[in-house]
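*Asks:* Protein chains in written order, with the numbering used here: chain A, 6 to 191; chain B, 255 to 435.
In case anyone wonders, no lab produced these hints; they're calculated from the structure. Note that the structure is a prediction, hence the values are computed from the model and not measured. Be aware that one or more of the hints could be misleading.
Mimicking DSS-like on lysine-lysine, the simulated pairs with C-alpha atoms at most 30 Å apart in a straight line are [stated by the list, open to error]: (1) K257(B) with K47(A); (2) K393(B) with K17(A); (3) K385(B) with K116(A); (4) K257(B) with K138(A); (5) K116(A) with K47(A); (6) K393(B) with K142(A); (7) K47(A) with K142(A); (8) K393(B) with K116(A); (9) K45(A) with K350(B); (10) K116(A) with K79(A); (11) K47(A) with K17(A); (12) K116(A) with K45(A); (13) K17(A) with K116(A); (14) K79(A) with K385(B); (15) K350(B) with K257(B); (16) K79(A) with K47(A); (17) K142(A) with K385(B); (18) K45(A) with K17(A).
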Amino acid sequence: MNDAAPRISLSKLFSVFALIGVTSFGGGIVAYLRRALVDKEKWLDEDGFMAALEISQTLPGLNSTNMSVIVGRKLRGPAGALVATLGMILPGAFIVTALGFTYVALRHDPKVAVVLTGVAAAAVGLLVQVTLKIGWKQLIRPQDLLFVVVVFVLVGIFHVSLLVTLIAVAPLAIWVHRPRTEKEAA
Amino acid sequence: MSKIVELINVFALLSLLAVGGGTAVLPEMEHVTVERCHWVSDTQFAEIYSLGQLAPGPNMTCVALIGYEVSGVAGLLAVLVAFFFPACLLCYFASKVWDAAEGSPWRDAVQRGMAPIVIGLMLAGCYALGKTASYNPAKDWDVNLLTLGIGAAVAVILSLTRINPALTILAGGAAGLFLLG
């Protein structure tokens with residue numbers, strides 16, 4: 006059955022992900038991925054895309070690289086996963102390196118310093134907005150809010166290591182949402 | 255050489271702890287690289303993160319620049335590999351297991367349980383960056399007023415419009431140049 010679908014070449018896989026990697030300015034890579042993988046190339050249908058997204062958001066690691074691994078694996082196995090992920094990472098890595106070299110050379114220039122102050126201030130605004138948007142979308146309930154506050158205080162204020170925090174808090178948070186049988190729910 | 259090993263250790267662990275995306279490890283990364291290892295200053299950390307917002311692709315590729323600050327190009331490459339490879343490898347195998355667990359009610363429990371943790375970590379990330387980039391007690395009140403104002407303006411503009419976020423970052427830089435320069 007699957008043989009009917011044309012086999013996607015590794016170079017095609019790389020170029021599609023590299024195009025996303027080089028054009029996705031300003032974050033929001035998921036939207037770029039959907040446009041390329043579902044609308045344009047039709048490698049995945051909407052359900053397949055959502056299923057892949059669900060896994061990449063739950064597993065550790067960046068959503069964009071996890072999506073590359075999962076979609077690359079589905080289409081071409083281990084080699085596909087590698088090629089798609091490299092395509093996603095490399096263009097941005099080159100550009101950020103170029104920006105970084107410029108930054109290291111110029112950062113003590115007072116004009117550059119004030120630009121960077123403004124850029125960093127704006128980046129905080131972006132991060133706050135993304136955090137609130139995601140938080141709002143999850144429609145956090147009162148018991149969830151408790152976990153938000155506990156994690157913020159432990160990691161943000163007291164600098165408890167992330168590993169310790171996750172080991173302590175994650176099982177509890179998952180337990181709160183554990184699947185209930187009819188008997189338990191009654 | 256030992257610096258490279260240290261970089262790899264720190265970023266490989268961060269890679270595996272990045273639940274819900276790279277932003278979730280921001281507070282831990284700030285604490286380790288700035289306060290514990292003294293690889294970069296708090297201001298440099300905020301600036302490096304901001305540069306990442308100006309590049310395309312995954313916004314956390316900017317972590318490579320911390321490696322560059324510590325050990326030059328070798329450090330840059332080491333951090334890039336350490337930060338991306340372990341999580342990708344884990345994802346490769348875990349996504350196979352996940353496919354196998356299709357339909358298990360525990361999948362939903364994991365997702366709903368982790369969501370508030372990720373939000374808490376992202377808030378801690380806002381705080382870790384904001385405590386130097388938005389309100390820096392070492393600077394004059396008018397500078398702080400401006401940086402807080404830029405952040406608030408960006409958050410409001412992004413909530414109300416569908417403008418590309420990278421443009422608001424550039425506008426923040428322009429505001430810094432004309433109002434602070």
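*Asks:* Hint by hint, say whether it matches the structure.
*Replies:* Each hint tested on the structure:
| no. | hint | in the structure |
| --- | --- | --- |
| 1 | K257(B) with K47(A) | violated, 45 Å |
| 2 | K393(B) with K17(A) | violated, 51 Å |
| 3 | K385(B) with K116(A) | holds, 22 Å |
| 4 | K257(B) with K138(A) | violated, 38 Å |
| 5 | K116(A) with K47(A) | violated, 47 Å |
| 6 | K393(B) with K142(A) | violated, 36 Å |
| 7 | K47(A) with K142(A) | holds, 28 Å |
| 8 | K393(B) with K116(A) | holds, 17 Å |
| 9 | K45(A) with K350(B) | holds, 26 Å |
| 10 | K116(A) with K79(A) | violated, 49 Å |
| 11 | K47(A) with K17(A) | holds, 13 Å |
| 12 | K116(A) with K45(A) | violated, 43 Å |
| 13 | K17(A) with K116(A) | violated, 43 Å |
| 14 | K79(A) with K385(B) | violated, 43 Å |
| 15 | K350(B) with K257(B) | violated, 35 Å |
| 16 | K79(A) with K47(A) | holds, 13 Å |
| 17 | K142(A) with K385(B) | holds, 26 Å |
| 18 | K45(A) with K17(A) | holds, 13 Å |
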